[in-house]
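Asks: Can you build the whole structure from these sequences, using the hints too?
Chain residues, written in single-letter form:
There are 2 protein chains.
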Amino acid sequence: MTITGITTPEGFAAAAATAGIKQSGKPDMALVVNKGPKYVAAAVFTRNKVVASPVKLTRKAVADHRLKAVVYNSGCANACNGVQGDKDAAKVVDAFTTRLGLAGDDVAMCSTGLIGALLPVDKMIGAADGLIKNLGDNGNRAAEAILTTDTARKQACIRAEGFTVGGMAKGVGMIAPSMATLLGCLTTDADVDAEMAQNALDAAVEQTFNRLDIDGSTSTNDTVILMANGASGTKPDVRDFNKAVLNACEDLCRQLQADAEGVTKRVVIRVIGAATDEQALTAARTIGRDTLTKCALFGSDPNWGRVLAAVGMADAEMDPDEISVFFNEEAVCLHSTGTPDAREVDLTGEDITVKVDLGTGGHGTATVYTTDLSHDYVEINSAYST
Amino acid sequence: MTITGITTPEGFAAAAATAGIKQSGKPDMALVVNKGPKYVAAAVFTRNKVVASPVKLTRKAVADHRLKAVVYNSGCANACNGVQGDKDAAKVVDAFTTRLGLAGDDVAMCSTGLIGALLPVDKMIGAADGLIKNLGDNGNRAAEAILTTDTARKQACIRAEGFTVGGMAKGVGMIAPSMATLLGCLTTDADVDAEMAQNALDAAVEQTFNRLDIDGSTSTNDTVILMANGASGTKPDVRDFNKAVLNACEDLCRQLQADAEGVTKRVVIRVIGAATDEQALTAARTIGRDTLTKCALFGSDPNWGRVLAAVGMADAEMDPDEISVFFNEEAVCLHSTGTPDAREVDLTGEDITVKVDLGTGGHGTATVYTTDLSHDYVEINSAYST
Chain A
1 MTITGITTPE
11 GFAAAAATAG
21 IKQSGKPDMA
31 LVVNKGPKYV
41 AAAVFTRNKV
51 VASPVKLTRK
61 AVADHRLKAV
71 VYNSGCANAC
81 NGVQGDKDAA
91 KVVDAFTTRL
101 GLAGDDVAMC
111 STGLIGALLP
121 VDKMIGAADG
131 LIKNLGDNGN
141 RAAEAILTTD
151 TARKQACIRA
161 EGFTVGGMAK
171 GVGMIAPSMA
181 TLLGCLTTDA
191 DVDAEMAQNA
201 LDAAVEQTFN
211 RLDIDGSTST
221 NDTVILMANG
231 ASGTKPDVRD
241 FNKAVLNACE
251 DLCRQLQADA
261 EGVTKRVVIR
271 VIGAATDEQA
281 LTAARTIGRD
291 TLTKCALFGS
301 DPNWGRVLAA
311 VGMADAEMDP
321 DEISVFFNEE
331 AVCLHSTGTP
341 DAREVDLTGE
351 DITVKVDLGT
361 GGHGTATVYT
371 TDLSHDYVEI
381 NSAYST
Chain B
1 MTITGITTPE
11 GFAAAAATAG
21 IKQSGKPDMA
31 LVVNKGPKYV
41 AAAVFTRNKV
51 VASPVKLTRK
61 AVADHRLKAV
71 VYNSGCANAC
81 NGVQGDKDAA
91 KVVDAFTTRL
101 GLAGDDVAMC
111 STGLIGALLP
121 VDKMIGAADG
131 LIKNLGDNGN
141 RAAEAILTTD
151 TARKQACIRA
161 EGFTVGGMAK
171 GVGMIAPSMA
181 TLLGCLTTDA
191 DVDAEMAQNA
201 LDAAVEQTFN
211 RLDIDGSTST
221 NDTVILMANG
231 ASGTKPDVRD
241 FNKAVLNACE
251 DLCRQLQADA
261 EGVTKRVVIR
271 VIGAATDEQA
281 LTAARTIGRD
291 TLTKCALFGS
301 DPNWGRVLAA
311 VGMADAEMDP
321 DEISVFFNEE
331 AVCLHSTGTP
341 DAREVDLTGE
351 DITVKVDLGT
361 GGHGTATVYT
371 TDLSHDYVEI
381 NSAYST
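Protein chains in written order, with my numbering: chain A, 1 to 386; chain B, 1 to 386.
One should not assume that every hint holds.
[Unchecked claim] Pairwise CB distance ranges, derived in the manner of DEER restraints: (1) A:H335 with B:R254: 37 to 43 Å; (2) A:D240 with B:Q207: 55 to 61 Å; (3) A:D240 with B:L118: 51 to 57 Å.
Hint data in this document are derived by calculation from the structure and do not stem from the laboratory. Think of the CB as a built atom: it goes at the ideal place given N, C-alpha and C, for glycine as much as any other residue.
Replies: So, in structure tokens, the structure goes:
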């Protein structure tokens with residue numbers, strides 16, 4: 001059987017099109033349709049206070065935890081366009097709603113691309129009939145059409161006891177800034193209610209997408225949607241369902257991290273010995289966002305002093321005299337003091353783990369996933385909008 | 001009259017030496033002595049929880065608001081060396097205390113350089129006699145000896161009504177990481193008490209050094225010291241004194257910003273229309289630390305969408321539909337919507353101002369000073385310790 005991500009679970013169809021939003025002429029629209037019998041939906045949105053028009057629209061559409069379709073476009077974020085942006089998003093969604101024979105707020109929208117550019121509404125509506133006509137087992141094409149500066153599509157498929165979870169994603173946090181919104185779409189043929197769907201998604205996103213922290217930025221458009229139709233006839237145990245959704249998100253995150261822009265190193269930051277898990281997470285994020293630590297890792301430089309300087313800024317309890325740092329499980333700093341061979345540790349590989357013990361004696365732990373800070377990151381992000 | 005920074009006010013002497021701490025063979029030690037008649041001192045230290053041994057020593061030494069001398073060294077931060085680091089710092093300071101004929105805790109120490117390297121105690125004590133012998137109007141040499149990756153020395157001299165404030169500084173926040181601690185030294189012949197000195201220093205640092213935010217990092221060694229000896233016989237008005245100290249710090253900060261590593265642009269971020277000044281500062285810092293905004297400015301790219309995405313993450317009240325952004329005083333975003341000519345704004349100059357109105361209708365304002373994020377920043381910070 002071919003894995004097609006979001007169209008692998010029963011009762012989902014997708015299509016992709018080139019509407020001409022992207023100047024590159026690459027596919028830039030996708031449509032994902034839930035064919036039922038149920039139309040349960042859950043969503044998680046960006047925490048940014050400035051949100052794009054499609055986020056506003058989708059928040060309303062999914063408020064009743066019911067969706068039948070999602071319209072995706074890349075090449076234009078439709079963010080910061082004021083009332084015009086809201087109207088444009090509504091026009092596109094209305095056109096799809098009508099053509100799909102649906103009514104009300106059963107269609108959501110996700111956009112990604114440059115902030116401040118207006119949505120090419122006519123082009124997008126012009127692509128609607130073709131998209132609807134081509135609906136089918138086209139998860140691969142949809143996953144391709146939502147990409148912006150990504151170099152490869154990201155798809156997942158988790159087979160569980162009697163049901164399946166499929167997924168696609170693009171971007172990675174704000175790694176490729178205004179253009180690299182994180183969009184995620186999960187589909188499942190499990191028979192779950194709205195609460196179970198939302199709980200599973202919340203828990204999975206918190207442990208995966210929200211732990212993938214490339215530059216500390218969050219976009220105006222970040223959206224992850226889960227649709228469940230019950231087509232498998234299986235009502236899964238809550239643990240099994242949570243685990244399948246989590247595994248799908250984990251798989252997508254691994255792919256996002258590997259494809260983050262300008263990346264030469266995949267970095268896992270693990271904090272232990274914190275007073276609470278929450279404080280461990282705060283400390284891990286602080287290290288993961290420290291540009292000096294990230295530059296050192298780009299240079300394969302075991303400069304543990306930067307890790308200590310970074311963690312010392314974190315709003316978390318620690319014993320300043322009892323912090324330990326491990327690079328790739330080798331101790332480079334114990335009792336806040338460098339080990340004799342600390343600077344000999346080999347960090348030339350593509351994967352680096354940084355483990356930090358805050359020395360409180362507590363059992364709080366957390367892991368975040370990040371990358372190095374490379375020349376390519378600067379290059380890609382310094383020459384984009386104009 | 002020649003401006004010599006810290007030795008311009010009456011009653012201060014300085015000397016510099018090459019003790020061999022730096023491999024480069026450049027000057028790496030300085031001694032600053034307050035010849036009295038009074039020995040008032042104030043200090044501000046890093047907020048990092050992980051602090052270097054010289055910071056611990058100086059905190060104790062200045063606790064009584066009295067200092068007669070400060071020993072400076074570059075090339076070694078003496079941070080994260082555990083008990084050994086504390087002992088080493090004490091040994092060096094004891095040697096100077098004895099040779100200067102002083103007693104107790106009248107000598108402070110500031111170190112900057114690589115974290116985790118041990119202080120070459122013997123070399124430093126070996127340089128003590130020469131430093132003491134050469135004490136004189138050598139503010140310039142002292143300002144040179146405290147530099148690490150700085151390309152030019154930073155000195156200030158403010159002539160006020162009947163008294164003078166001199167200053168020197170190096171580094172800029174953590175711009176040149178473990179090596180670029182911010183150290184500042186201010187001297188004045190004004191006759192002020194400890195409270196007036198500390199108040200003036202606190203207020204000035206808050207408005208200057210603490211607003212200079214290159215990468216959000218704070219070092220293990222950051223220290224700014226103010227010494228006042230009353231040699232001018234002038235007891236200044238509190239406003240005049242505060243202003244002179246502030247002006248000296250402003251002058252030093254301008255020099256630090258201009259010399260920050262890898263800098264191609266000096267960026268002023270001004271936030272207005274916030275509910276409170278504190279919230280304005282939070283918002284300004286969030287923008288100033290956003291790597292995507294800083295990459296765009298490096299590319300002279302008027303990508304105002306990144307500014308909106310950045311400010312939207314700030315923990316500050318704002319009206320998401322009423323945010324305005326100005327680049328070099330030209331409106332690029334009004335009512336959270338791009339202006340027609342937004343992308344035509346010329347940002348090719350070396351100085352860029354970014355003004356953001358949070359749209360709350362409040363009167364809170366704040367300014368922070370930062371830089372772009374350039375290839376050189378990555379280069380310098382990816383190849384340092386090894």
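Asks: Take a look at whether the Cβ-Cβ distance between D240 of chain A and Q207 of chain B falls inside 55 to 61 Å.
Replies: Between D240 of chain A and Q207 of chain B, where Cβ atoms are some 58 Å apart, the hint holds.
Asks: Assuming the hint says 51 to 57 Å, is it satisfied by the Cβ distance from D240 of chain A to L118 of chain B or not?
Replies: Taking Cβ atoms as reference, D240 of chain A and L118 of chain B lie about 56 Å apart, which means the hint holds.
Asks: Evaluate the given range 37 to 43 Å for the C-beta pair formed by H335 of chain A and R254 of chain B.
Replies: For R254 of chain B against H335 of chain A, whose Cβ atoms are near 40 Å apart, the range 37 to 43 Å holds.
Checked against the numbered hints given earlier, this structure breaks none of them.
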